[in-house]
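Asker: Positions 1 to 336 (the numbering used here) are the ones given, in order, by the sequence shown.
Just so you know, the hints here were simulated from the structure itself, not pulled from any lab data. Do not take every clue at face value.
[As the list claims (entries may be wrong)] Okay, the calculated beta carbon distance ranges per label pair: (1) D266 x L9: 43 to 51 Å; (2) A85 x P111: 18 to 26 Å; (3) P215 x T33: 51 to 59 Å.
Backbone N, C-alpha and C fix where the C-beta goes; we use that ideal spot for every residue, glycine too.
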Amino acid sequence: MQKTSARLLTLLSLLQTHRDWSGDDLAERLGITPRTVRRDIDRLRELGYPVLAFKGPSGGYRLAAGSQLPPLLFDDDQAVALALALQSAAADTTIGEDAARALATVRQVMPPRLRRRIDTLQVTAVPPPGSGNASPAGTPLLTELSRVIHAREELRFDYPYDTTRPAEPERPRRSQPHHLVTRYGHWYLIAWDLDRDAWRTFRADRIRPRTPTGPRFTPRRLPGDDVAAFLTGRFRGTDGSSTDWPCRGEVLLNLPAQAVAPFAQDGIVEEFGPDRCRLSLGSWSWAGLAATLTRFDTDIEVVGPPQLTDAFAELAVRCAEAAGTTRGQGNRGAGS
Numbered sequence: 001m002q003k004t005s006a007r008l009l010t011l012l013s014l015l016q017t018h019r020d021w022s023g024d025d026l027a028e029r030l031g032i033t034p035r036t037v038r039r040d041i042d043r044l045r046e047l048g049y050p051v052l053a054f055k056g057p058s059g060g061y062r063l064a065a066g067s068q069l070p071p072l073l074f075d076d077d078q079a080v081a082l083a084l085a086l087q088s089a090a091a092d093t094t095i096g097e098d099a100a101r102a103l104a105t106v107r108q109v110m111p112p113r114l115r116r117r118i119d120t121l122q123v124t125a126v127p128p129p130g131s132g133n134a135s136p137a138g139t140p141l142l143t144e145l146s147r148v149i150h151a152r153e154e155l156r157f158d159y160p161y162d163t164t165r166p167a168e169p170e171r172p173r174r175s176q177p178h179h180l181v182t183r184y185g186h187w188y189l190i191a192w193d194l195d196r197d198a199w200r201t202f203r204a205d206r207i208r209p210r211t212p213t214g215p216r217f218t219p220r221r222l223p224g225d226d227v228a229a230f231l232t233g234r235f236r237g238t239d240g241s242s243t244d245w246p247c248r249g250e251v252l253l254n255l256p257a258q259a260v261a262p263f264a265q266d267g268i269v270e271e272f273g274p275d276r277c278r279l280s281l282g283s284w285s286w287a288g289l290a291a292t293l294t295r296f297d298t299d300i301e302v303v304g305p306p307q308l309t310d311a312f313a314e315l316a317v318r319c320a321e322a323a324g325t326t327r328g329q330g331n332r333g334a335g336s
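Full structure from sequences and hints, please.
Answerer: Listed below in C-alpha cells is the structure:
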C-alpha cells in the first residue's frame, strides 16, 4: 500500500481527469478499502480541494471548482510547459512581473530533476519593437474588460489619446465589447462603437472604464468570424474581413532574390535572372507602397498596377520639392 501522502496525490490525479468516480472504483485503483477512500477524500477537503460526493449504490466523487486556490498537481511535462510559458510571458509589459513571480514560486517547489530541466531550457523573451513604450494595461483592467465581455454588458469609458496628460472632459465612448487580444506587446479591445455605428479597436492601456456598465446585449457577428484575421486586417487598413493589404503591386528590382527576401516582410520574392527579382508587396496606401519599395536603393521597374506608377510619380515630385527646400536653406545659411 502506498504511503498516505503518495496515495493522496494519486487520488487527486484521478479526480482531476474530469469524470465521476465511484468509491469502489477508487478503492480498486488505489488498492485500499472504500472506508480509506472516504478518509482520504476528507483529507483532500481539509487541504482546500472541493471534492463533491453524490449518491448512488456505492457513492461517488467529483472534483469541483472552489473559492480558493488549493495546491496544484502537475505531471512532469505539464510542469515544464508551465515554466516555459511563464518565461515567455515575462516580457509582457502587463503581466511580466506577475509571471516572473509565479515562475519563481513554481521553480521553488519543483523536484531537482525538473528544476534541472527548466534551468537548461532558459528562454529569453525579447519584446517586439516599440513595445517598450507601451503603458501597462494592468491586470485589474484586463480582468474587468474580460468580465464585461463574458457578461455581454455595454461598456462606457474615457479614451484619451495622450495618456501622459489629463483627459479633457468629453462624452464617454459607448461600446459593445467583444474580444480582448494581444499583439506586439499591446493589449487591444475589439468592440462595436455604438456612437459611430462601426467596429473599432481600442488600446487597452488607454481605456478608463466608467461605472456602472450598460445593459446586456446580443453580440454581433465579427467580420470574417476570425479575431486574429480581423485585427490583422484592421492594422492593414481594411474593414477586418480580409487580411490582405488594400494596395498591392509588383515591381522588378535590379537585385538578386536572396538580397531582397530578408527585407520583404510578407512580400513574395521570385528570381528573375541572376541579378534581378520580381517582388510583390502590399501596403495601406499606394504612396506608402512606393515609399517602401524605394528603400531597396536600386533601379525599379513597375510591373503593375497603374496606381503604383502614379504613386511613384507623385512621390518623385514630393522628394524633388523636399530636396529643393533643403538646398535653399543651405544656400541661405552659407550666404548669411
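Asker: Each of the hints needs a verdict: does it hold here or not?
Answerer: Tested hints:
no., hint, verdict
1, D266 x L9: 43 to 51 Å, "49 Å, holds"
2, A85 x P111: 18 to 26 Å, "19 Å, holds"
3, P215 x T33: 51 to 59 Å, "56 Å, holds"
Of the numbered hints listed earlier, not one is contradicted by the structure.
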